[in-house]
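Take a look at the letters that make up each chain.
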Amino acid sequence: MQLANSENAAKDGVGMPEKTGNLTTESKAGRTPMVVARDVDVFYGDKQALFGIDMDILPNEVTALIGPSGCGKSTFLRCLNRMNDVIEGCRVEGRISVDGQDIFDRALDVVHLRARVGMVFQKPNPFPKSVFDNVAYGPKIHGLSSSKDELEEIVMTSLEKAGLIEEVKDRLHQPGTGLSGGQQQRLCIARAIAIQPEVILMDEPCSALDPIATAKIEELIDELRENYTIVIVTHNMQQAARVSQRTAFFHLGKLLEFGDTDQIFTNPSVERTRDYITGRFG
Amino acid sequence: MQILVLVSTLLVLSLIGYYLGRSRAVASVSGEASRLHSLPGYYGLYVALWCGVPALIVLLAWLSLEPWIVERLLVASLPESARSLPSDRLALLLNDIRNLAGGNIVSRDVDPELRDAANHYANMRQIGTWAEIVVCLALAVAGIALGQRYIAPDLRARNKVEKVVMAFLVISSTIAILTTIGIVFSLLFEAIRFFRLVPPSEFLFGLEWSPQTALRADQVGSSGSFGAVPLFAGTMLISFIAMCVAVPVGLFAAIYMAEYAHPRFRAAVKPVLEILAGVPTVVYGFFAALTVAPFFRDSGGFLGLDISSESALAAGVVMGIMIIPFVSSLSDDIITAVPQSLREGSSGLGATRSETIKTVVLPAALPGIVGGVLLAVSRAIGETMIVVMAAGLSANLTANPLEAVTTVTVQIVTLLVGDQEFDSAKTLAAFALGLVLFCVTLCLNIVALRVVQKYREQYE
Amino acid sequence: MSDTAGTGTVKTGLPRKNINEVVSAGIRRRYAAERRFRAYGLAAIGFAIFALTTLLVTIVGTGYSAFTQTMLELEITLYPQDIDPEGNRDPKVLSTANYQALVRQSLRDLFPEVTTRQERRRLNGLVSDGATFQVRRAVLDDPSIIGQRISILVPMSDDIDQFMKGHISAEVPESDRRVSDQEIAWLERLQDRNLVHRTFNWTFFTSGDSREPELAGIWGALVGSLLTMSVTLALAFPLAVATAIYLEEFAPKNRWTDLIEVNINNLAAVPSIVFGLLGLAVFLNFFGLPRSAPLVGGMVLALMTLPTIIIAARASIKAVPPWIREAALGLGASRMQVVFQHTLPLAMPGILTGTIIGMAQALGETAPLLMIGMIAFIVDIPQGVTDPATVLPVQVFLWSDAPERAFVERTSAAIMVLLSFLIVMNAFAIYLRKRFERRW
Chain A
9 MQLANSENAA KDGVGMPEKT GNLTTESKAG RTPMVVARDV DVFYGDKQAL FGIDMDILPN
69 EVTALIGPSG CGKSTFLRCL NRMNDVIEGC RVEGRISVDG QDIFDRALDV VHLRARVGMV
129 FQKPNPFPKS VFDNVAYGPK IHGLSSSKDE LEEIVMTSLE KAGLIEEVKD RLHQPGTGLS
189 GGQQQRLCIA RAIAIQPEVI LMDEPCSALD PIATAKIEEL IDELRENYTI VIVTHNMQQA
249 ARVSQRTAFF HLGKLLEFGD TDQIFTNPSV ERTRDYITGR FG
Chain B
343 MQILVLVSTL LVLSLIGYYL GRSRAVASVS GEASRLHSLP GYYGLYVALW CGVPALIVLL
403 AWLSLEPWIV ERLLVASLPE SARSLPSDRL ALLLNDIRNL AGGNIVSRDV DPELRDAANH
463 YANMRQIGTW AEIVVCLALA VAGIALGQRY IAPDLRARNK VEKVVMAFLV ISSTIAILTT
523 IGIVFSLLFE AIRFFRLVPP SEFLFGLEWS PQTALRADQV GSSGSFGAVP LFAGTMLISF
583 IAMCVAVPVG LFAAIYMAEY AHPRFRAAVK PVLEILAGVP TVVYGFFAAL TVAPFFRDSG
643 GFLGLDISSE SALAAGVVMG IMIIPFVSSL SDDIITAVPQ SLREGSSGLG ATRSETIKTV
703 VLPAALPGIV GGVLLAVSRA IGETMIVVMA AGLSANLTAN PLEAVTTVTV QIVTLLVGDQ
763 EFDSAKTLAA FALGLVLFCV TLCLNIVALR VVQKYREQYE
Chain C
177 MSDTAGTGTV KTGLPRKNIN EVVSAGIRRR YAAERRFRAY GLAAIGFAIF ALTTLLVTIV
237 GTGYSAFTQT MLELEITLYP QDIDPEGNRD PKVLSTANYQ ALVRQSLRDL FPEVTTRQER
297 RRLNGLVSDG ATFQVRRAVL DDPSIIGQRI SILVPMSDDI DQFMKGHISA EVPESDRRVS
357 DQEIAWLERL QDRNLVHRTF NWTFFTSGDS REPELAGIWG ALVGSLLTMS VTLALAFPLA
417 VATAIYLEEF APKNRWTDLI EVNINNLAAV PSIVFGLLGL AVFLNFFGLP RSAPLVGGMV
477 LALMTLPTII IAARASIKAV PPWIREAALG LGASRMQVVF QHTLPLAMPG ILTGTIIGMA
537 QALGETAPLL MIGMIAFIVD IPQGVTDPAT VLPVQVFLWS DAPERAFVER TSAAIMVLLS
597 FLIVMNAFAI YLRKRFERRW
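Residue numbers (our numbering), protein chains in the order written: chain A, 9 to 290; chain B, 343 to 802; chain C, 177 to 616.
Just so you know, not all the hints are guaranteed correct.
[Stated by the list, open to error] As a list, the in silico DSBU-like pairs of lysine-lysine whose alpha-carbon atoms are at most 35 Å apart:
{"id": "1", "chain 1": "B", "residue 1": "Lys505", "chain 2": "C", "residue 2": "Lys494"}
{"id": "2", "chain 1": "B", "residue 1": "Lys612", "chain 2": "A", "residue 2": "Lys137"}
{"id": "3", "chain 1": "A", "residue 1": "Lys131", "chain 2": "C", "residue 2": "Lys494"}
{"id": "4", "chain 1": "A", "residue 1": "Lys224", "chain 2": "A", "residue 2": "Lys177"}
{"id": "5", "chain 1": "B", "residue 1": "Lys796", "chain 2": "A", "residue 2": "Lys137"}
{"id": "6", "chain 1": "A", "residue 1": "Lys177", "chain 2": "B", "residue 2": "Lys700"}
{"id": "7", "chain 1": "C", "residue 1": "Lys429", "chain 2": "A", "residue 2": "Lys131"}
{"id": "8", "chain 1": "A", "residue 1": "Lys131", "chain 2": "B", "residue 2": "Lys505"}
{"id": "9", "chain 1": "A", "residue 1": "Lys131", "chain 2": "B", "residue 2": "Lys612"}
{"id": "10", "chain 1": "A", "residue 1": "Lys177", "chain 2": "B", "residue 2": "Lys796"}
{"id": "11", "chain 1": "B", "residue 1": "Lys700", "chain 2": "A", "residue 2": "Lys224"}
{"id": "12", "chain 1": "A", "residue 1": "Lys148", "chain 2": "A", "residue 2": "Lys55"}
Hints are computed from structural coordinates only; laboratory data are not their basis. Computed from a predicted structure; not experimentally measured.
Next comes chain A alone, as it looks inside the complex (with noise of 0.2 Å):
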């Protein structure tokens, strides 16, 4: 695995002023971006996978990937907390900042980046442990709380804040694996804002659940939003319709379309995407 560090991309980077003024510009929202992507390339050994994506991903928004099977949006996703890093073969280049830091500056961390970018699986993936513990696993590993009272709050709170609480408030300390595919999804959740990242990452966190509990969840990143950035990549329309802000449709590697959610809806300007929404193909 070699990460293209940002002294590689500064050295080749003919056009890189440009882009490093993009970096620090003002979307028209006149709000700072959380996440910035620019000419992001990725390669599995000698295929690439994603070409030149650039994205400026705004806070306290959910924003949607949507696309076919293969399009590369997961794979966009992963990029953000480096995901990557442990796929044999795997090769990132161009330039990603999350809250203006360069995630791939050497000075960074990727475990200090995975502790702000958090992320949630598409297939809920609670750690065998209590119910307790899968929340408290974040605040623990990172010396978060320093005595047991504050642990509690910070896992009563997370549970909370995930809609969990009166579900599971009887079995903390009981395995997470026992409860529902749901629940343990949002107790992921739960497990993710434990930490207070700044961004969230949801790969098609709702793709193994039935539409109860995809209710549920939806309802949750609303609220979600309020205090993070989201970005959830999603194969299903309507899901993106209702909880994004802003759209993002990857084709075959590429970024084609990149909006607000009402806009790519109703109206969207390239024709792949209008056929891709209204289910002519994918």
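Since the structure of chain A is provided, determine the placement of chains B and C on it from the hints.
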């Protein structure tokens, strides 16, 4: 040798039977093979089975029963005075007769009576062998004839052949059970005879082990005592030392291989562990006695410690090295079985690799690893050659790893190697020790296998 | 960026520390722990590699010198009156002649000044007893050399051999040394005359065991191993494959098959010495089969390797995808035909790999064979599966117990031979696996 010739003759006859059956089947439908119920080859096999199977079964039965029957006949032919001898003396006499007949050295003067008996015996053996050959060949030929007679176009030859094959498969699958039964019964049978001489309580709780029994009643100072506690303690001490080496090294090696190692590194190191696993135990024993034990003794002398050259430490450490690949490959399997999603969940929260391993992977893998360690303990307890070559013979009851101790397996070997009377307490004691060894390892194995299996199911 | 992150805490309203600060504060300690943990792993692997290297270096270091043998070039006059007084070249007469006297005479000719009995005995001790056999063999092979003066290379005794190889040091005081000053002086004179040679030790590969290290070889043990392995293979392979087929393809899922499965898994973990006890009690004492015979050894080892092969064969059969069976069944093949025409051929590479690995285990096994008397001192090369025999690992065990220094090097050399067989077998198994590995 004669047997080999006979068996090959039977095989050749079966082959002939195959061709006869096949051609007869084809002839019976005047060449139109499609009118046959089965393919012609099946008719061939059908006749071949008729030829070979009964003859081989009879041969096997004959071989296992003949010595017994001949012995009965021989005893019956002996004079009354010989027949009334006590059983062990009679066995000696029979042995001499056999040796004389085989042209070997005999332990007593050869009188005419003995010579007659030997001739009679040799005669019977010869008759027996010829009878066996004749009967088997006759059966084979009869089988061919019979099989041929049954052949008809509507004979369901395939089904019949498959039934025989099926029977073979079923019988084969019972071998495992028969082996276990064989082990249990042979150990139990001899151990019970031992416990008639030495009470089980003395064996299991006695603190002194010196299995020198008197050969004659008038010998002094050699009553023998069979308290096996020092052996159990020695076995546990050496196994404990072995596990102290094998578990941390094996486990950490497995963790590194599964979680950190680059594929190229893994490809380079895996063979090392495989070679380590493939080295015969006798080689480890030689290594322990030649290199490790003197090394410990010398470095002990350097430090002012008195380390025996047959110290439990040396045997234990080398046994530990032997078990490292066992622990590491089992743990490797188990660690890789922990779902990747758990690792991602943990590193997605910002845990470092080692934090993920320590707080998520290992706790999840713990039951499986415990099972693997139990299997390793069972191996350490049952390991023989390393301790035979590197540990001592004297049964010390001590927990000091620098002293020489002995183990259950060492005693089994010493008691049984060399010429022994089969009925002495000394020989039987080996079976009692074997029974204990079998029971302990069996329990460990059952528990361990169950734990590992439960663990696997959890992630399937 | 810390500004905005700082506001994050305020926004959520949680009374907790700033994640950025906390992580930054702890990150060095955490990475130190990470490095330590990795170092433990590397150290463990390093220990394993170190152990293996030490083992191999020790064995090769002590064993390589056994592949050569110090020989003495002797001039022997084969007087017809000593060997064949009647002159009719009767092999019986030739083989009983006193060749020892001839060898001794020729030694005495080299050192005419040696006269006392004691010294002569020492002088005779320079060459091995094998010299006598060698001269006899030369005469029996070609009786026409009788009457001539022949030059023949005979092995020197083990102590001299060890001295020449530098395993016995001349520095040690004479009283602690197995080679006396007198012998060293003789040896030097022989070397000056260029009569001492170091040749490849053919004896080691062509003869059976012997009490004399310089005459001992591994051929007998090798043949014994070969015979034992043949019996093991002949019994274990068909039984194991049949069991695996039954359990994977035909067996109903019931208590009985569960019992069989549990049994097989347990047998795989039963200590090998217990199988030896089984062999002793059942095969030797109950069925009265011959002691020390490869037949019995092979049977015991077959029972021991059965579980290994069964487990490998089952895994291999299981790996054949069900659609192949369904395709054949759909064409009207019987279940038995499907197994023998489709499943088994496809599973065969895996089964063979498992079999080779099981056989390699059996080849290195010692303990159960001790129980059934394959530990006897056997000079003759076994001719069949019922002859008394020993096997390579038991030979190693026997030699490792011998007091002579020369047997230490021969033990190591025998181990080198044993290990090379095992490595070849395992390499072949790996090749098979790689060559026929199939992903469905």
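Consistency of the hints with the structure:
1. B:Lys505 x C:Lys494: holds, 23 Å
2. B:Lys612 x A:Lys137: holds, 32 Å
3. A:Lys131 x C:Lys494: Distance of about 29 Å is within 35 Å: holds.
4. A:Lys224 x A:Lys177: holds, 18 Å
5. B:Lys796 x A:Lys137: Between Lys796 (chain B) and Lys137 (chain A) the Cα gap is close to 17 Å, so the pair holds against 35 Å.
6. A:Lys177 x B:Lys700: holds, 27 Å
7. C:Lys429 x A:Lys131: The given pair, whose Cα atoms are some 33 Å apart, holds under the 35 Å limit.
8. A:Lys131 x B:Lys505: violated, 49 Å
9. A:Lys131 x B:Lys612: holds, 33 Å
10. A:Lys177 x B:Lys796: holds, 29 Å
11. B:Lys700 x A:Lys224: Status holds; Cα separation ~33 Å.
12. A:Lys148 x A:Lys55: violated, 39 Å
When each numbered hint is compared with the structure, violations occur for hints 8 and 12.
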